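**Q** Start from chain X and add chain L according to the hints.
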Amino acid sequence: MTPGLSAIDASAVAAARARVPAAFGAPPGRQARTAILWLAFLAWLGALLWWFDVSPVRIWNGIGGVLTILRLMVPPSPGEHLDDILKGLGESVAMAFLGTVMAALVAVPLGFLGARNVATNALFRFSLRRVFDGFRGVDQLIWALAYVRAVGLGPLAGVLAIFTADIAVLAKLYAEAIENAEKRQTEAVEAAGARRVLVMRFGLLPQVLPVMLAQALYFFESNTRSAAILGIVGAGGIGLQIAERIRIRAWDEVAFIIILILLMVAAIDLLSARIRHRLIGARPAP
Amino acid sequence: MTTAALAAPPAGPAVGRVLDAWSAQRRARRTATAGYGAVCLAALLVAAWASDVRPATLAAGIPRIGEYFWLILPTLRWEALFAGPKVEGSLAFWMYRLDAWAWLMFETSQMAALATLMGAAAAFVLCFPASRNLMQGAPVTFSVVRRFLELFRTVPDLVYALILVWAFGVGPLAGILAIALHTTGALGKLFAEVVENADLRPLDGVRASGGSWLHGVRFAIVPQVLPNFLSYALLRFEINLRGASVIGFVGAGGIGQELYTVISFNYYEEVSAIVLLIILAVSAIDLVSERIRHRIIAGARP
Chain X
1 MTPGLSAIDA SAVAAARARV PAAFGAPPGR QARTAILWLA FLAWLGALLW WFDVSPVRIW
61 NGIGGVLTIL RLMVPPSPGE HLDDILKGLG ESVAMAFLGT VMAALVAVPL GFLGARNVAT
121 NALFRFSLRR VFDGFRGVDQ LIWALAYVRA VGLGPLAGVL AIFTADIAVL AKLYAEAIEN
181 AEKRQTEAVE AAGARRVLVM RFGLLPQVLP VMLAQALYFF ESNTRSAAIL GIVGAGGIGL
241 QIAERIRIRA WDEVAFIIIL ILLMVAAIDL LSARIRHRLI GARPAP
Chain L
1001 MTTAALAAPP AGPAVGRVLD AWSAQRRARR TATAGYGAVC LAALLVAAWA SDVRPATLAA
1061 GIPRIGEYFW LILPTLRWEA LFAGPKVEGS LAFWMYRLDA WAWLMFETSQ MAALATLMGA
1121 AAAFVLCFPA SRNLMQGAPV TFSVVRRFLE LFRTVPDLVY ALILVWAFGV GPLAGILAIA
1181 LHTTGALGKL FAEVVENADL RPLDGVRASG GSWLHGVRFA IVPQVLPNFL SYALLRFEIN
1241 LRGASVIGFV GAGGIGQELY TVISFNYYEE VSAIVLLIIL AVSAIDLVSE RIRHRIIAGA
1301 RP
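As you go down the protein sequences, you meet chains X and L in turn.
Throughout the first sequence, residue numbering follows the numbering used here, covering 1 to 286 in sequence.
Throughout the second sequence, residue numbering follows the numbering used here, covering 1001 to 1302 in sequence.
Hints were generated in silico from the structure; no laboratory data involved.
Keep in mind that this is a model prediction, so the values were computed, not measured.
It cannot be assumed that every hint is accurate.
Below 20 Å or equal to it, Euclidean Cα-Cα: the simulated SDA-like pairs (lysine to any residue) are [as the list claims (entries may be wrong)]:
#1 Lys1189(L) <-> Arg125(X)
#2 Lys1189(L) <-> Leu262(X)
#3 Lys172(X) <-> Glu1238(L)
#4 Lys172(X) <-> Ile1279(L)
#5 Lys1086(L) <-> Glu1150(L)
#6 Lys172(X) <-> Phe1124(L)
#7 Lys1189(L) <-> Val101(X)
#8 Lys183(X) <-> Leu209(X)
#9 Lys87(X) <-> Val1222(L)
#10 Lys172(X) <-> Asp269(X)
#11 Lys1189(L) <-> Glu1258(L)
#12 Lys1189(L) <-> Phe1124(L)
#13 Lys1189(L) <-> Tyr218(X)
#14 Lys1086(L) <-> Pro1074(L)
#15 Lys183(X) <-> Val211(X)
#16 Lys1189(L) <-> Leu1226(L)
#17 Lys172(X) <-> Arg1054(L)
#18 Lys1189(L) <-> Phe132(X)
#19 Lys87(X) <-> Arg1146(L)
#20 Lys172(X) <-> Leu1287(L)
#21 Lys172(X) <-> Leu105(X)
#22 Lys87(X) <-> Pro76(X)
#23 Lys87(X) <-> Asp1052(L)
#24 Lys172(X) <-> Ile1239(L)
#25 Lys172(X) <-> Phe132(X)
#26 Lys87(X) <-> Pro1074(L)
#27 Lys172(X) <-> Arg125(X)
#28 Lys1189(L) <-> Arg1146(L)
#29 Lys87(X) <-> Trp1049(L)
Chain X extracted, bound-state conformation (with noise of 0.2 Å):
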């Protein structure tokens, strides 16, 4: 009935794109800005494929040398040194442990001392902050190369590796816990009469307690990764076992490892889960 309603076929839209050109596409200076911005893109991504020197013929013979050792490593084998293996799972595991432990509990003073509620000086607080900031710039595998200088090889390293690198991260949630605290809980108990150390024994630790040992169970499934990794700096777990396997390039070792690396951290995962949902019920950690 309508003439509009009838057939738009192929010539009629070629039609309208040759009247109005500018109701299909964007205009003009759109388009000539997102092809600067496309091109501006390929040539950094040119540059940089250039200056790290990947070439086809590089990528080729890299993915063959993968595809050999992904050969070498079937049917994973755990070697002559199983005890070993073992032994440096459970280092790592104990690793993260204490370290997770020990920078939770520094955290815990910390937090409340950067807490917006708690410390009113706005100055220190704010300095604390910032070296909570600039220690969390420093990856826990530069804190373990230092440590195995000045403690010598070993899980010691790695303890203390952990610990100074979780403090200021559990230090700066612990904080943000804390001033998310609920504040009439606190004013009921100042209200009864107690002292500033008590309204923050009764009143606010019963609130973040939970929220701090679910973030601390957290960090504990982190570290457990990472503690398996510390070794090859020297600091100790089955990280050194990994680097070693790898400069004899006895692949099936190497492969066993990774494995059991894999089910170490999907038990503790599920472990830490566990606990977690006993601490603060169903309800996910923030």
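**A** Frame of chain X, contents of chain L only:
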């Protein structure tokens, strides 16, 4: 009346029962707490034993920590602070190789950027088959892709780097690929979660008007999820910059290689100089990327 009741509570049998119940409950709670505490303490002792942390090693080690970190700190003298690089105690003397280190830091950031780009591209391709709501018809593909992403994610990038250095040779390429592999797994999972939270009605619309599955993804899903993808990729770039600064420890390029040398040969003051540079670069990128992320998320909300 209420004040009178408060002043002298009636000491009837009901109050006694409540008191008894309360103290019984408190006893039970205290026993439970003590039990958990004992388990924790035992675990700590076992952990300390297993990781060789003993009073003797601690007593021997802790003084050396202070000593070492004291040596690392630069000796700056106030009156010579802005003197030339030849004067001991000046900033220029401390940072005497600033040009080389700044270039290495730039290289590291570009490694992280390229690795994030590669990882995000791979994750973009893999996340749609790894989303439960898009793969109702093909549960096998779904779980295979999911397992692959899990595998990529769980192996640390440093382990990938150790292996790839054998295959690709010492240098930045091995590091970039190692970080990209790990990023694929990490971002793939996050991307898939975003897709699973997407509104499916636009997809139904595209499919109903005759579009294929790919058309549906392109025109119904991607426009919804792209801002979140970008934001996650930027967040990952921040993480990868930290990772790229240490991946050189195993010979995979970037400033980590220099840092490893400097720490291993005990060039004390250079350690603090390089670490300071890394901290500055990381916090600068964090700041910029946080701004961009907030803008992306704000722009995504109509």
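**Q** What's the verdict on Lys172(X) and Ile1239(L), does the C-alpha distance respect the 20 Å limit or exceed it?
**A** Given that 20 Å is the threshold and the Cα spacing comes to 18 Å, the pair holds.
**Q** Just to be careful, I want the Cα atoms of Lys172(X) and Asp269(X) compared with a cutoff of 20 Å; is the pair within it?
**A** 23 Å, violated
**Q** Verify the proposed pairing of Lys172(X) with Leu105(X), using a straight-line Cα cut of 20 Å.
**A** 13 Å, holds
**Q** Hinted pair, alpha-carbon criterion (20 Å max): Lys172(X), Leu1287(L). Please report holds or violated.
**A** 17 Å, holds
**Q** Is the Cα-Cα distance between Lys87(X) and Val1222(L) 20 Å or less?
**A** Given pair Lys87(X), Val1222(L) is violated - Cα atoms ~48 Å apart, limit 20 Å.
**Q** Does the structure keep Lys87(X) and Asp1052(L) at a Cα separation of 20 Å or less?
**A** Holds: Lys87(X) and Asp1052(L) sit about 12 Å apart, inside 20 Å.
**Q** Within 20 Å, alpha carbon to alpha carbon, are Lys1189(L) and Arg125(X)?
**A** Violated, because 37 Å separates the two Cα atoms, which is more than 20 Å.
**Q** Given the hint that Lys1189(L) pairs with Arg1146(L), does the C-alpha gap stay at or below 20 Å?
**A** 8 Å, holds
**Q** Taken at face value, is the distance from the CA of Tyr218(X) to the CA of Lys1189(L) at most 20 Å?
**A** 18 Å, holds
**Q** Lys1189(L) and Glu1258(L) were given as a pair; does the straight-line alpha-carbon distance stay at or below 20 Å?
**A** 33 Å, violated
**Q** Has the given pair, Lys1189(L) with Phe1124(L), been kept, meaning a C-alpha gap of at most 20 Å?
**A** 10 Å, holds
**Q** Regarding the pair Lys172(X) and Glu1238(L), is the alpha-carbon distance no greater than 20 Å?
**A** The hint holds at about 18 Å.
Checked against the numbered hints given earlier, this structure breaks hints 1, 5, 6, 7, 9, 10, 11, 17, 18, 19, 26; the rest are met.
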